[in-house]
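Undergrad: For any residue, its number in the numbering used here is found by taking its place in the sequence shown, counting from 1, and adding 193.
It should be emphasised that the hints constitute simulated quantities derived from the structure, not laboratory data. In this text, a Cβ means the ideal position worked out from N, Cα and C, and glycines have one as well. Please note that the accuracy of each hint is not assured.
Now the in silico label distances, taken between C-beta atoms and shown as ranges [claimed, not checked]:
1) Ser-273 x Ala-250: 19 to 25 Å
2) Ala-221 x Asp-272: 20 to 26 Å
3) Gly-230 x Lys-289: 28 to 34 Å
4) Ala-242 x Lys-291: 29 to 35 Å
5) Lys-241 x Asp-274: 27 to 33 Å
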Amino acid sequence: MKCIFAAAFAALLCAAPAAAEVSLRDTASLHAFLASGTPCCVIDARNKAKQLSAPLADTLPYRKDLKINPTGVVVVIADSDARAVEVGKALERSSKAKDIYAVKGGARTWREVTAGYASSGMPGGFIIPKNTCESGTAIQQY
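Please put together the full structure from these sequences, using the hints given.
TA: Now the structure itself:
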């Protein structure tokens with residue numbers, strides 16, 4: 194009976210959801226991550242002066258009481274690698290994040306990695322095709 198109980202208990206421990214994992218990511222791994230199109234929540238944990246003087250687009254400023262409910266990976270940008278990991282571990286305890294990436298190299302690395310990606314899905318401009326104001330039958334109908 195004790196063996197059955199021990200086996201059942203061990204199975205439950207193995208079946209329990211894994212805790213979030215904080216990992217330090219370099220430029221190459223961040224490029225691969227962004228290319229995959231996986232959604233992410235980007236947290237700016239730099240000091241307030243740097244957040245104001247050099248803001249990062251589409252980021253959420255970090256504060257000690259920050260509560261997030263991420264649906265994807267959490268990316269943490271800080272003034273140092275150690276601070277990014279520290280904030281990542283704090284978010285690991287306070288959220289249900291599955292994976293937390295601390296950006297190695299901070300804002301400089303993040304800007305380098307995101308330079309080729311648009312900040313949103315909306316285009317920055319548009320082109321009006323030639324001859325679209327002529328009367329007659331429409332070329333395409335929706």
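Undergrad: For every hint, state whether the structure bears it out.
TA: Hints, one by one, checked against the model:
no. : hint                          : result
1   : Ser-273 x Ala-250: 19 to 25 Å : holds (22 Å)
2   : Ala-221 x Asp-272: 20 to 26 Å : holds (22 Å)
3   : Gly-230 x Lys-289: 28 to 34 Å : violated (22 Å)
4   : Ala-242 x Lys-291: 29 to 35 Å : holds (32 Å)
5   : Lys-241 x Asp-274: 27 to 33 Å : violated (20 Å)
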